[in-house]
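Student: Produce the entire structure from the sequences given, and follow the hints as far as they go.
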Amino acid sequence: MNLDELSNKIKEKFPQGILATSSFRGEDTIILRAEDLLDICRYLHDEPEISFDYLTDLCGVDYFPREPRFEVVYHLCSLKNRCRLRLKVPLPGESPKLSSVTSVWKGAEWLEREVYDLLGISFVGHPDLRRILLPPDWQGHPLRKDYPLRG
Amino acid sequence: MAKPETMVLNMGPQHPSTHGVLRVVLELDGEVVVKATPDIGFLHRGLEKLAESKTYHQCITLTDRLDYVAGMSNNLAYVLAVEKLLGLQVPPRAQAIRVLMCELQRIASHLFWLGTHAHDIGAMTPLFYALRERDEILFMFEMVCGSRLTPSYFRVGGVAQDLPEGFTEKCREFTRQFPARVDEYETLLTKNKIWMKRTQGVGAISAEEAINFGLSGPILRASNVAWDLRKAMPYSGYENYEFIVPTGKNGDVYDRYLVRLMEMRQANEIVRQVLDKMPAGPIKADAPQVVYPPKEKVTQSIEALIHHFHLASAGFPTPKGEVYASIESPKGELGFYLVSDGSNKPWRFRVRPPSFINLSALSKMVEGRLVADVVAIIGSIDIVLAEIDR
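Sequences listed follow chains B and A, in order. Position one of the first sequence corresponds to residue 55 (our numbering), numbered consecutively onward. Position one of the second sequence corresponds to residue 879 (our numbering), numbered consecutively onward.
Think of the hints as simulated: they come from the structure by calculation, not from any bench. Do not take every clue at face value.
Covered by chain A, according to a simulated footprint, are these stretches of chain B (three or more residues, beta-carbon under 8 Å) [unchecked claim]:
#: 1; stretch: 58-65
#: 2; stretch: 77-87
#: 3; stretch: 100-113
#: 4; stretch: 126-134
#: 5; stretch: 187-197
To give an idea of the chain A side of the interface with chain B (calculated C-beta under 7 Å), a few residues [what the hints assert, rightly or not]:
#: 6; residue: H922
#: 7; residue: K927
#: 8; residue: G1092
Capping the alpha-carbon separation at 25 Å, the derived lysine-lysine pairs in BS3-like fashion look like this [unchecked claim]:
#: 9; chain 1: A; residue 1: K1127; chain 2: B; residue 2: K160
#: 10; chain 1: B; residue 1: K199; chain 2: A; residue 2: K1223
#: 11; chain 1: B; residue 1: K142; chain 2: A; residue 2: K1198
#: 12; chain 1: A; residue 1: K1198; chain 2: A; residue 2: K1127
#: 13; chain 1: B; residue 1: K151; chain 2: B; residue 2: K67
#: 14; chain 1: B; residue 1: K142; chain 2: A; residue 2: K1223
#: 15; chain 1: A; residue 1: K1173; chain 2: A; residue 2: K932
#: 16; chain 1: A; residue 1: K913; chain 2: B; residue 2: K160
#: 17; chain 1: A; residue 1: K1109; chain 2: A; residue 2: K962
#: 18; chain 1: A; residue 1: K932; chain 2: B; residue 2: K199
#: 19; chain 1: B; residue 1: K151; chain 2: A; residue 2: K927
#: 20; chain 1: B; residue 1: K160; chain 2: A; residue 2: K1071
#: 21; chain 1: A; residue 1: K1127; chain 2: A; residue 2: K1071
#: 22; chain 1: A; residue 1: K932; chain 2: A; residue 2: K1223
#: 23; chain 1: B; residue 1: K67; chain 2: B; residue 2: K134
#: 24; chain 1: A; residue 1: K1198; chain 2: B; residue 2: K199
#: 25; chain 1: A; residue 1: K1127; chain 2: A; residue 2: K962
#: 26; chain 1: A; residue 1: K1109; chain 2: A; residue 2: K1127
#: 27; chain 1: B; residue 1: K134; chain 2: A; residue 2: K927
#: 28; chain 1: B; residue 1: K134; chain 2: A; residue 2: K932
#: 29; chain 1: A; residue 1: K927; chain 2: B; residue 2: K142
#: 30; chain 1: B; residue 1: K142; chain 2: A; residue 2: K962
#: 31; chain 1: B; residue 1: K199; chain 2: A; residue 2: K1069
Just so it is clear, CB atoms sit at the ideal spot from N, CA and C, and this is done for glycine as well.
Tutor: Structure (structure tokens):
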């Protein structure tokens, strides 16, 4: 199904959930509200016609100095329908927090830890949120734009 | 909750069988693993942050150093992402050369995996056999781009230079000899009682779990999920070649071994087909804003010199937007998510690392197994720490 059909189906269940949709170079992106993220992800995963059973990637982007400063980006893939979808959730710069999607895709566990480690975004409900690449006593979040290239 | 009779054993980061600087904290009940917690980040170099201060051309050399056993594949995934961002079409000869190099690279990567994995389990001979063939492939890479391990051969819009004289004959000779060599490896391992006992039933993961973890590559296919990006979402002209995508039944270490062996044979098949069908034509797109002028012109014409200098120092601007492009690398789905702010440097350079995601399933796979199985399972995932840690 195409982007409009998909976003209409989502809007039926979650009327406030979608903030915007866009298409660029053949890729569809849906920008979601943080509060509805977990429910929408579960819907996209469980709904048999939609079936986004595969979480390709989960990452964060820092758009400093724009506000909302951060975006957490989810790349989903449906193995059955052979299609991809990008979800983005904008977050404020001040103590950014978002629901963890580990209950939907187990693969999110390490990916969310990496976002926490390098960007400082916390994931509520994550089973084991701690640094993954940097030593546990590291100060700061290097991928942030206000962190110097030479730490 | 640790039972009083469990012992915590530290494996790594210096360890011959962890294939790099990987640390695994094992909680053992005798010889049985109760819990295994990988600890990574010893090879973290801040590659994603470094890329934000480099032009798109300069980032190509960074990508070589991700999965250093499969340099060509990393280059391809990255340039495909940049070309997608620019909306740039690549000429057919360049696409064919890219497929050729990536399939040779797949063979080289799997050969290295085969040798080291067998060595971990105790079979020391296959390593020497496998490296013999891999050396021929690395020699061919040196012929095309001057480097064995860090090729940086692909460019945005095509490849750096055309195939040199003598390459096609050498490559054809390789494809003629290779199937017999794989048969040799099989005589050492496939029906070997010790190999079968050490690998069958070990570290199995079901198809549903593999999909839920986001696993990709041979480890996913060994769990009976027929998903290969070269077939499901073809890129760079892969739809023009005929090849089988092998799958396993049980998802254990033995199946992963069989899947990779078959992939080597199939990759050899693809290389043969590419050589037979190689189209003539330019090896770079006709896009002067992005593509370097030919070297011969640069030494003779001032305009070409200025053009080259401008591209090398200032790079090229890109449309504002974001793209994700991925390939089926020897390790799995290697993808690049690029966010552009319109300038000549990426705003965000995200690598989707297959080894990182594949390794996250390690604790699931070793639960309840013996300590000796941990080594076999880590080997069967086929990880490269440089890709995990970036």
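Student: Now tell me if each hint is right for this structure.
Tutor: Hints, one by one, checked against the model:
1. Taking a C-beta to C-beta cut-off of 8 Å, the stretch 58-65 of chain B contributes 0 residues in contact with chain A, too few for the three needed, and the coverage statement is violated.
2. Beta-carbon proximity to chain A at under 8 Å applies to 4 residues in the stretch 77-87 of chain B; the threshold of 3 is reached and the given coverage holds.
3. With 6 residues carrying a beta carbon less than 8 Å from a beta carbon of chain A, the stretch 100-113 of chain B meets the three-residue requirement, and the given coverage holds.
4. Coverage of the stretch 126-134 of chain B by chain A holds in this model, with 3 residues showing a Cβ closer than 8 Å to a Cβ of that chain against a need of three.
5. Residues of the stretch 187-197 of chain B with a Cβ under 8 Å from some Cβ of chain A number 5, which satisfies the need for three, so the listed coverage holds.
6. Restraint check, H922 of chain A versus chain B: the minimum CB separation of about 4 Å is within 7 Å; hint holds.
7. This hint holds: K927 of chain A has a C-beta 6 Å from the nearest C-beta of chain B, less than the 7 Å allowed.
8. Interface restraint check for G1092 of chain A: the shortest CB-CB distance to chain B comes to about 3 Å, inside 7 Å, so the restraint holds.
9. With a C-alpha separation of about 22 Å, the suggested pair K1127 of chain A and K160 of chain B falls inside the 25 Å cut-off, and the hint holds.
10. The hinted pair formed by K199 of chain B and K1223 of chain A meets the criterion: a straight-line CA distance of about 14 Å does not exceed 25 Å.
11. Taking the CA atoms of K142 of chain B and K1198 of chain A, the gap is about 16 Å. The hint holds against a cut of 25 Å.
12. Simply put, K1198 of chain A and K1127 of chain A have alpha-carbon atoms about 45 Å apart, too far for the 25 Å limit, and the pair is violated.
13. The straight-line distance between the Cα atoms of K151 of chain B and K67 of chain B is roughly 24 Å, inside the 25 Å bound, and the hint therefore holds.
14. Between K142 of chain B and K1223 of chain A the alpha-carbon distance is near 22 Å, which keeps this suggested pair within the 25 Å criterion.
15. For the hint linking K1173 of chain A to K932 of chain A, the alpha-carbon distance of about 23 Å falls within 25 Å, and the restraint holds.
16. This hinted pair checks out: K913 of chain A and K160 of chain B have alpha carbons roughly 17 Å apart, not beyond 25 Å.
17. Distance check on the hinted pair: K1109 of chain A and K962 of chain A sit about 19 Å apart at the alpha-carbon level, within 25 Å; holds.
18. Simply put, K932 of chain A and K199 of chain B have alpha-carbon atoms about 15 Å apart, close enough for the 25 Å limit, and the pair holds.
19. For the hint linking K151 of chain B to K927 of chain A, the alpha-carbon distance of about 22 Å falls within 25 Å, and the restraint holds.
20. Distance restraint check for K160 of chain B and K1071 of chain A: the Cα-Cα separation of roughly 35 Å exceeds the 25 Å cut-off, and the hinted pair is therefore not satisfied.
21. Restraint check for K1127 of chain A and K1071 of chain A: the C-alpha separation of about 19 Å stays at or below 25 Å, so the hint holds.
22. Of the pairs offered as hints, the one joining K932 of chain A and K1223 of chain A holds, with about 6 Å between alpha carbons and a cut-off of 25 Å not exceeded.
23. Restraint check for K67 of chain B and K134 of chain B: the C-alpha separation of about 23 Å stays at or below 25 Å, so the hint holds.
24. A hinted pair counts as satisfied when its Cα atoms are at most 25 Å apart, and K1198 of chain A with K199 of chain B qualifies at roughly 18 Å.
25. Distance restraint check for K1127 of chain A and K962 of chain A: the Cα-Cα separation of roughly 36 Å exceeds the 25 Å cut-off, and the hinted pair is therefore not satisfied.
26. The straight-line distance between the Cα atoms of K1109 of chain A and K1127 of chain A is roughly 20 Å, inside the 25 Å bound, and the hint therefore holds.
27. Proposed proximity of K134 of chain B and K927 of chain A is contradicted: the alpha carbons are some 35 Å apart, above 25 Å.
28. Pair hint K134 of chain B plus K932 of chain A does not hold up; C-alpha atoms about 38 Å apart against a cutoff of 25 Å.
29. This hinted pair checks out: K927 of chain A and K142 of chain B have alpha carbons roughly 21 Å apart, not beyond 25 Å.
30. With a C-alpha separation of about 20 Å, the suggested pairing of K142 of chain B with K962 of chain A holds against the 25 Å cut-off.
31. At most 25 Å may separate the alpha-carbon atoms for a hinted pair to count; K199 of chain B and K1069 of chain A exceed this at roughly 55 Å.
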